Amino acid sequence: MSDLTNKNLKEIVENIKLKKISSLDLTQAYIKNIEGAKKLNTFVTTTFDQALEKAKQFDQKPNYDQILPGIPLAVKDLFCTENVKTTAGSNILNNFVPSYESTVTKNLWDSGAFLLGKLNCDEFAMGSSNETSFFGNVINPIGDQLVPGGSSGGSSSALAANLTPATIGTDTGGSIRQPASFTGTVGLKPTYGLCSRWGIVAFASSLDQAGPMTKTVTDCAIMLEAMSGFDEKDSTSIDKKKEFYSKNLKDNIKGLKIGIPKEYRVDNMPKEIDELWEKGKKILKNLGAQLIDISLPHTKYALPTYYIVAPAEASSNLARYDGVRYGYRSQKSKDLIDMYENTRSEGFGDEVKRRILIGTYVLSSGYYDAYYLKAQKVRQLIKKDFDNNFTKVDAILTPSTPSSAFKIGEKTNDPVSMYLNDIFTVPVNLAGLPALSLPAGVDKQGYPLGLQLIGKPLDEQKILNIGYAFEKNCSFKNKINKWWL
Amino acid sequence: MSLDKEKIKHVAKLARISLDEAKVNSLTKDLNSIFKFIEQLNELNTDKIEPLTSILNESLRSRKDQISDGKIREKILKNSPQKNEEFFVVPKVVE
Chain A
1 MSDLTNKNLK EIVENIKLKK ISSLDLTQAY IKNIEGAKKL NTFVTTTFDQ ALEKAKQFDQ
61 KPNYDQILPG IPLAVKDLFC TENVKTTAGS NILNNFVPSY ESTVTKNLWD SGAFLLGKLN
121 CDEFAMGSSN ETSFFGNVIN PIGDQLVPGG SSGGSSSALA ANLTPATIGT DTGGSIRQPA
181 SFTGTVGLKP TYGLCSRWGI VAFASSLDQA GPMTKTVTDC AIMLEAMSGF DEKDSTSIDK
241 KKEFYSKNLK DNIKGLKIGI PKEYRVDNMP KEIDELWEKG KKILKNLGAQ LIDISLPHTK
301 YALPTYYIVA PAEASSNLAR YDGVRYGYRS QKSKDLIDMY ENTRSEGFGD EVKRRILIGT
361 YVLSSGYYDA YYLKAQKVRQ LIKKDFDNNF TKVDAILTPS TPSSAFKIGE KTNDPVSMYL
421 NDIFTVPVNL AGLPALSLPA GVDKQGYPLG LQLIGKPLDE QKILNIGYAF EKNCSFKNKI
481 NKWWL
Chain B
1001 MSLDKEKIKH VAKLARISLD EAKVNSLTKD LNSIFKFIEQ LNELNTDKIE PLTSILNESL
1061 RSRKDQISDG KIREKILKNS PQKNEEFFVV PKVVE
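Residue numbers (our numbering), protein chains in the order written: chain A, 1 to 485; chain B, 1001 to 1095.
By construction, these hints were calculated from the structure, which means they are not laboratory data.
This structure is a prediction, so every number in the text was calculated from the model and none was measured.
Treat the hints with caution; some may be incorrect.
As the list claims (entries may be wrong) - Label-pair restraints from in silico Cβ distances: (1) GLU232/A / GLN1082/B: 33 to 43 Å; (2) GLN1082/B / LYS279/A: 52 to 62 Å; (3) ALA319/A / LYS1064/B: 23 to 33 Å.
Unchecked claim - Taking lysine-lysine pairs in the DSS-like style, the calculated list, with each CA pair at most 30 Å apart, reads: (4) LYS241/A / LYS1064/B; (5) LYS1007/B / LYS332/A; (6) LYS1064/B / LYS85/A; (7) LYS407/A / LYS1029/B; (8) LYS1023/B / LYS411/A; (9) LYS407/A / LYS1036/B; (10) LYS332/A / LYS1078/B; (11) LYS300/A / LYS1029/B; (12) LYS1078/B / LYS85/A; (13) LYS334/A / LYS1075/B; (14) LYS383/A / LYS279/A; (15) LYS1048/B / LYS332/A; (16) LYS1075/B / LYS233/A; (17) LYS384/A / LYS1048/B; (18) LYS456/A / LYS1078/B; (19) LYS332/A / LYS1023/B; (20) LYS1083/B / LYS233/A; (21) LYS334/A / LYS1048/B; (22) LYS411/A / LYS1036/B; (23) LYS1048/B / LYS85/A; (24) LYS1029/B / LYS233/A; (25) LYS1007/B / LYS106/A; (26) LYS1048/B / LYS262/A; (27) LYS1078/B / LYS233/A; (28) LYS1036/B / LYS262/A; (29) LYS1048/B / LYS377/A.
Stated by the list, open to error - Per the computed footprint, the stretches of chain B lying under chain A, defined by three or more beta-carbons under 8 Å from a beta-carbon of chain A, are: (30) 1012-1023; (31) 1085-1092.
Glycine included, every Cβ here is placed at the ideal spot set by N, Cα and C.
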């Protein structure tokens, strides 16, 4: 039997359905890979015994009608999993064992999959390099000094290193798309409200969305189909009919109008990113799409807006970590206030503290109008930019990131330079739109680079179709030499 | 605008995070550079713009005021750092 873990999710599902491999053999193959890849530091928790038990149960009583039949999956450690520790990459949740399951993971298990383990991430999903995790850096399988992107860095790294056949992450400002771009994988941030936020550790509630991270666009469609859907437990969940993204994938994109926003050609953008963008345009044009120059004039204000809105919401969401009901509690406290302050000081890392303080400040008396209200107004302008253009185009093509994966430690001393990683991804979250990051090429060092397709609200099928056609014509192949073995 | 150390200490107090002097210094530096970046927004005139409060077009649904779960005290207390049979336990608040 050849190594199935090299294959994509669709191929693995086919092999299970044709009984060429059992769920148990498949699960054991992933466990072997995971045990050999400890250097990558992708897992915070493994659930091997439980996974092997589930695999055996599947093999005894297989249900091949499910879309993820007998498939082991590792997920970002931001999704609450019943009776399995859920840390959000933080010391303050180091001992937290939820008594409930997030809706999105429950949807995956109801589709036939089961849990392999919980993947490392930036603390409370605040970071672009996975360096803010309490559990240490994750390494990018592309190279042993490289960050995997963030915040879903454990997810992107585990996927690219064949430690899980597909995975899920969360994206508040680029946390699925940027790590996908850094590891040569596919990542989708769905429309706000398409996937339930219930049971996901909250960062910024008006921006957070869960989404798939996969090796191919088809896999991405399969995973989205499994994880999405209306949930009455999430007040912002969109009540609409279930879509069958994988069955409806089409590679004919003739006549579609693709917007090319001039504001995404930023100062000091490496030539390689520009060339990649040109390559992407050419591929879509050859497939019969029509390229249209557009303008999104408020693009440069997206990142400053984000750094008001996201920390403001985070400071409010993270107020719940007080050492009383769950999580870490400081032992050296003389009274209640002292306990709160020490618990939060010892429990949160530096980046989380920075963002809580930014958020507390912009919401504090006398500053609210100047910062938070101002940001909400600019957010309106950013959304209008997209609304205006989506009357003329079907989708928008941009680079995913302004650079390829950088070295560990390279940007940790300068928060603003770290934040600039998300310059192309953040506007999408502010406007609540879906966006797909596709591997499209490599830079001169051979590190992967991604392109981003932005769609109208709930138009996931169209950007998946464009991505599907693009993928067939792009000839990108991820080169990973398994140096960690 | 610049944030001085006293302001940082005040905000940390509001956020219930204790900070030592070294942390106050590094946070003062970081937050000033972040706010310098944020204040690009002042270039924009937004006097006549409605603030965006929700990106969903529909308004929030209401639901029936019904109990949907309950009797889960043990589950809720399970993760508490300190508890007795029925309650979360915290340092003494009232003398």
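Exercise for the section: Decide if the proposed pair is consistent with the structure: LYS241/A and LYS1064/B, CA atoms, cutoff 30 Å inclusive. Expected result: holds, 22 Å
Practice task
Sort out whether LYS262/A lies within 30 Å of LYS1048/B, counting only the CA atoms.
Solution key: Holds, at roughly 26 Å.
Exercise for the section: Quickly compare the C-alpha distance for LYS332/A and LYS1023/B to 30 Å and report which way the hint goes. Expected result: holds, 19 Å
Exercise for the section: Evaluate the given range 23 to 33 Å for the C-beta pair formed by ALA319/A and LYS1064/B. Expected result: holds, 29 Å
Exercise for the section: Establish whether the coverage given for the stretch 1085-1092 of chain B by chain A is satisfied; the threshold is a Cβ-Cβ distance below 8 Å, and no fewer than three residues must meet it. Expected result: Since three or more residues must qualify, the claim that chain A covers the stretch 1085-1092 of chain B holds, with 4 doing so at under 8 Å.
Practice task
Would you check the hint for LYS332/A and LYS1078/B, treating anything up to 30 Å between C-alpha atoms as holding?
Solution key: Holds: LYS332/A and LYS1078/B sit about 22 Å apart, inside 30 Å.
Practice task
For the pair we were handed, LYS1075/B and LYS233/A, check the Cα-Cα distance against 30 Å.
Solution key: holds, 19 Å
Handout entry: 30 Å Cα cutoff - pair LYS1007/B, LYS106/A
Key = The given pair, whose Cα atoms are some 45 Å apart, is violated under the 30 Å limit.
Handout entry: Assertion that chain A covers the stretch 1012-1023 of chain B - criterion: three or more residues, beta-carbon distance below 8 Å
Key = holds (count 8)
Problem - Given hint LYS1036/B paired with LYS407/A - CA-CA distance at most 30 Å - result: Since the Cα atoms of LYS407/A and LYS1036/B sit roughly 26 Å apart, the hinted pair holds (cutoff 30 Å).
Problem - Pairwise hint evaluation, LYS411/A against LYS1023/B, where the allowed Cα distance is 30 Å at most - result: holds, 19 Å
Practice task
Verify the proposed pairing of LYS456/A with LYS1078/B, using a straight-line Cα cut of 30 Å.
Solution key: violated, 44 Å
Consistency note: the structure conflicts with the earlier hints numbered 6, 15, 18, 21, 23, 24 and 25.
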